[in-house]
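A.B. asks: Following the hints, position chain B against chain A.
Top to bottom, those sequences are chains A and B. So for the first sequence, my numbering puts the first residue at 1; every next one is plus one. So for the second sequence, my numbering puts the first residue at 350; every next one is plus one.
Just so you know, these hints were derived from the structure itself, not from any lab. Even for Gly, the Cβ is constructed at its ideal location relative to N, Cα and C. Hints are not guaranteed to be accurate.
As the list claims (entries may be wrong) - Residues on chain B that point at chain A, a partial pick, calculated with CB under 8 Å:
hint : residue
1    : 423
2    : 606
3    : 609
To be verified - A few chain B residues facing chain A, derived, Cβ under 10 Å:
hint : residue
4    : 425
5    : 497
6    : 529
7    : 530
8    : 532
9    : 598
10   : 600
11   : 604
12   : 605
13   : 607
14   : 610
15   : 612
16   : 613
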Amino acid sequence: MASEASSSKGEFDIYQTYRKILDDEEMSPPLAAILSLSQLMVESNAGTMFELVKELHDGAEELKRHTTNPISLNAGCELFIAFVTLFPHESDSFAELKTELVKQGQKYAKEAISYRNKIAELMLDFIKDDSVILTHSYSRVVMRALLHAHKTKRISVYVTEARPRGLGVKTHEVLTAVGIPCTVVLDSAVAYVMDKVDFVLVGSEAVVESGGLINAVGSNQMAIIAKAAHKPFYALAESYKFHRLFPLSQYDLPTHNPSILSFPSLPPRPFVTPPTTSGVSPPIAKSGIDESLNVTPTSSSERSMSAEMTAKNPDVDYTRPDLISLVFSDVGILTPEAISQYLVAMFAG
Amino acid sequence: MTYLSPQISHLVAARPMSVTMGNAIRQLKLEISGSDIDLPEQDAKDALCQKIDNYIRDRIIIADQVIEETAGNKIKDGDVILTYARSSVVQKVLLGAHAEGRQFSVIVVDSRPMLEGKRLLSVLASAGIQCTYILLPALGAIITEVTLVLVGAHSIHSNGAVYSRAGTALVAMMAKLHSVPVVVCCETYKYSETVQLDSFTKNELAPQGDLFSSFPSVKARDSLTLENDEHLEILNPLYDLTPPNCITAVVTEVGVIPPNSIGSIPVALGRLL
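Bound-form chain A, shown alone:
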């Protein structure tokens, strides 16, 4: 049976639908996935539950193939498919059931947009007047919380640059535009600034079964430094980001692959006599190394990593649950231990 998600056949193209939904700034990947999958159900010709679930799985796989970082996308897809599978089959006809499911899916997505407001409201009590907050990169839910707090309290915000994508600068623009004092901090200066900070606030790609956090690379670092400086580390996460993954370590993440942080394979070093000229460069045959590494020495005072170097670095990292103080979610303010209990209650059986 032809897959509904095939774009070459001119039928329902789930990836195009997904991308169009994502044009809306407020949409996040998991929500867009849920809406795309609902749309897939509308267009589907499936006659039984089994076929429908299979089509949903195929649709989810199609979406995942197009993204380099599918973790939050995965969380949304799995949540929706579990919801569809566990939905009570009271309706007599399958068509009725399908319509009901689609309605539920769309209703969920609409409600889910309001989750960020709920979280912002929960966060409000934890922000005192004159709080100095440290955040990482750009997160829609953190933005919502900060803007909400700004209405009634005085806050100032440090945000890390978050290389290589530099999304921290975007956070700086948004906050400055509404009048919140904001300063961008080098990723390497987090430890330097930590003693000036009252608490750390980050968003999330996913919150996992262990109670840990998957977020833009640099979050783990920030959590470790916060712990060492005895500052609270709060994570904001909508409930559709709760994922059944259980990473045992950074290298157990689905986004990790052997090329990340790998060493280049260098040609064998030829034996050279020590340099007779007073050169600064080490005594290695320059031509051999340069050709393989494509290193072009820059003369400017600031150097940056080449695209090749950046590709060897991770996009996301894993923060252990013992480093996280609290997770703020639309289902409530949870300790990392409670996350696992919530996930078990949701998905078991």
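C.D. replies: Chain B alone, transformed into the frame defined by chain A:
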């Protein structure tokens, strides 16, 4: 129920009441009190025997299969897996992963007086898995090579503590210091609602005498076998307690659970029953 008490006493006389024994006996008593009064005696007995067989099948045999698969998925090519003494579940996980074609090596850590690791070593080596065998004091020397610690448990408690063969706690603490993930493979029938804080309040002692005579066949090492006398009492506790902060994950048949959330096992079980 009166017929059960002498049987239970007999079992306890053979071996101190363990968490798993308690759970099984409690389950049996529950089934007995729940059985239909109007049922003819033989039918009731057959039904109970069936329930007992189901318990063994679901909570032990099938549970082991689920754990074998779940824990096996955590094993990647190139892993160096460390295990302590001999856990039947861990043995199954390692053999299963090897049969699936994963390339990994195993370090078996062993200690006196039981030296159970020797049996595990012979099973794994005959299956073709590359193994290294060390005694517990050598742990510090090789821990930097290890990528994953896989251990079994005698029981797990609601505060997340794991009660396992004496020496497991040392392995877990060492692994934690070196940021090596520690995974405990444990079926849910080993879960106890009690809280255990140390290994003194509840433990068992190894029997006296020459333990080497059982397995494998070695010469009786009389010179090493101490005996009690008026100034010397020998203490060989069989179990110790691993605190929850040294454990990364507990793999059960209802899912992979972080140690501090072990309390969610009854919730997950409730869904299945």
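A.B. asks: Could you work out which earlier hints the structure fails to respect and list their numbers in ascending sequence?
C.D. replies: none
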